[in-house]
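This is what each chain is made of:
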Amino acid sequence: MSALVLSLLSGVFICGAAGYLGSLMLSRRMALVAGPLGHLTLPGIALGLVYGFNVSLGAFPFVILGVVLIWLLDAKTKLPMEALTALVFASGVAVAFLFLPIDQAEAALIGDIASAGLGDTAFSIAVSVAVIVAVKRAYPELVIANISEELAAAEGIPVTRYNLLYLLLIALIVALGVQMVGGLLTAALVAIPPLAARNVSKNLSQYARGSAAIGVVSAVAGILLFEATGFPAGPLVVIVSTVIFLGTLPFAGPVHGPTRATIHR
Amino acid sequence: MNAEPARVGRDARSAQAMPEDDAPLLQVSGLSVTLEDQVVLSDLSFTVTRGEVMTILGPNGAGKTVLLRSLLGTFPHEGSVRWKRGTRIGYVPQRLPYIRDIPLSVTDFFALKRGAGRDVGGMLATVGLPPQLAGQRIGDLSSGQFQRVLIAWALAGDPQVLLFDEPTTGVDVTGEETVYALLARLHRERSLTMLLVTHDLAVVHRLSSTVLCLNKQAVCHGPPLETLTPDNLRRLYGTEVKFYAHKHEHEHAEETPA
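Protein sequence lines, in the order shown, are assigned to chains A and B.
First residue of the first sequence: 1, per the numbering used here; consecutive thereafter.
First residue of the second sequence: 266, per the numbering used here; consecutive thereafter.
One should not assume that every hint holds.
Quick list of in silico lysine to aspartate or glutamate cross-link-like pairs, DMTMM-like style, CA-CA up to 20 Å [claimed, not checked]: (1) B/K481 - B/D366; (2) A/K202 - B/D366; (3) A/K202 - B/D405; (4) B/K378 - B/D496; (5) B/K481 - B/D496; (6) B/K378 - B/D423.
Just so you know, these hints were derived from the structure itself, not from any lab.
I would like the entire structure built from these sequences, with the hints used as guidance.
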């Protein structure tokens, strides 16, 4: 199979799963967590590049470490999430550049999906499908837990367990996303599609599916643009999703926008 | 902030449940909550029996919301909170700010609830809302409609107990039935046990069978007429309070750090 087909397959699955998962993250204002987690993957990506193995595999232990840290610190301290993530972000970048050769920095920072082989692609598809299935099964519980932990508790939903599941799913997607767009841009894969989908959705299923679809379209368009122009694919994917978001803005009237939330408080 | 998972849940429920059939629905003993070295609740003990309507009355910062959260198991606490085995709880929160972050229709909201059934129109009718509301986005509801939707949502699981954090008084969307009249009707029709957090003395008198006066500790507890003596109210609020004098027109500040 050609590199283009493999890139497209990886992109469709990774970005589709990221968009779908992202539709949950927005409800919790936790999309920002994905950013620092992405940065924390940089040492792992560096290891993968230096020793020549799949960068997602390298990224995964680091992102799990980040998830555990965030989960523990969130449970044990009252530090705001932003402070925790800033801490994690800086240390991730610092450690990565201790041993990452500077000529390989581009792949680590903005991804290199064109280098994905058949095995890498199969791995990405398998993990993406697993994430999609897990999100679909746990969607109602995750939405309720995201809306209110008390409401979830009254429903008998084990909130702590679902929080952990949620963070693990984010970790998986971030680890996959680094192949696609690198450690700097993974947050965009989960954050931008739901932002765009929210502007044009009237209900939850339109929102969740729309978010996944916008992820897929961004990936395909970004990779095709990469083929046509030679600019790096990762940034192109992110730029396409941003353009889609801008395109949805005219539909985000006051009724659909978040500003409405302040009116009825 | 996270806390231990609820002990009232589907699978956790049996962990602290009591076997006897005539046991109280809820037994709280020695409940204490400390937040950042501040005592929020101190050595609280009470029981709630089936069909009881207990109001929890107290000034701002008295720990009322913290008490509800502790009863739901989302707040780390000392002492024990024991729900009777298999108790289904409906919780009506004071507000849900995050719910407006996602495009959620009323029907979607009910679909999230396991075992709620599909008759959203019927569930809305129970609380005096028109069925056409089912297709509307949650974010587009008025605050009065939203509160009724939350009540309907809590009722959809056919709970035995309703926990209600600060029902807003004076909201009357249908022009027929106030929220309190609605609660009184639900109590009659379903013999629902209720725990209501409120500031409103009128509500306490009209609706509740018992009142728990809370100001970090239980100041008084019993049937409202006997319990809400001028003396006790002075101890609760620290100043003279006239019966029915408290008008509930303002929004109350969050009682607990977010």
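Taking the hints in turn, this is what the structure says about them:
{"no.": "1", "hint": "B/K481 - B/D366", "in the structure": "34 Å, violated"}
{"no.": "2", "hint": "A/K202 - B/D366", "in the structure": "13 Å, holds"}
{"no.": "3", "hint": "A/K202 - B/D405", "in the structure": "11 Å, holds"}
{"no.": "4", "hint": "B/K378 - B/D496", "in the structure": "45 Å, violated"}
{"no.": "5", "hint": "B/K481 - B/D496", "in the structure": "18 Å, holds"}
{"no.": "6", "hint": "B/K378 - B/D423", "in the structure": "12 Å, holds"}
The earlier numbered hints that this structure contradicts are 1, 4.
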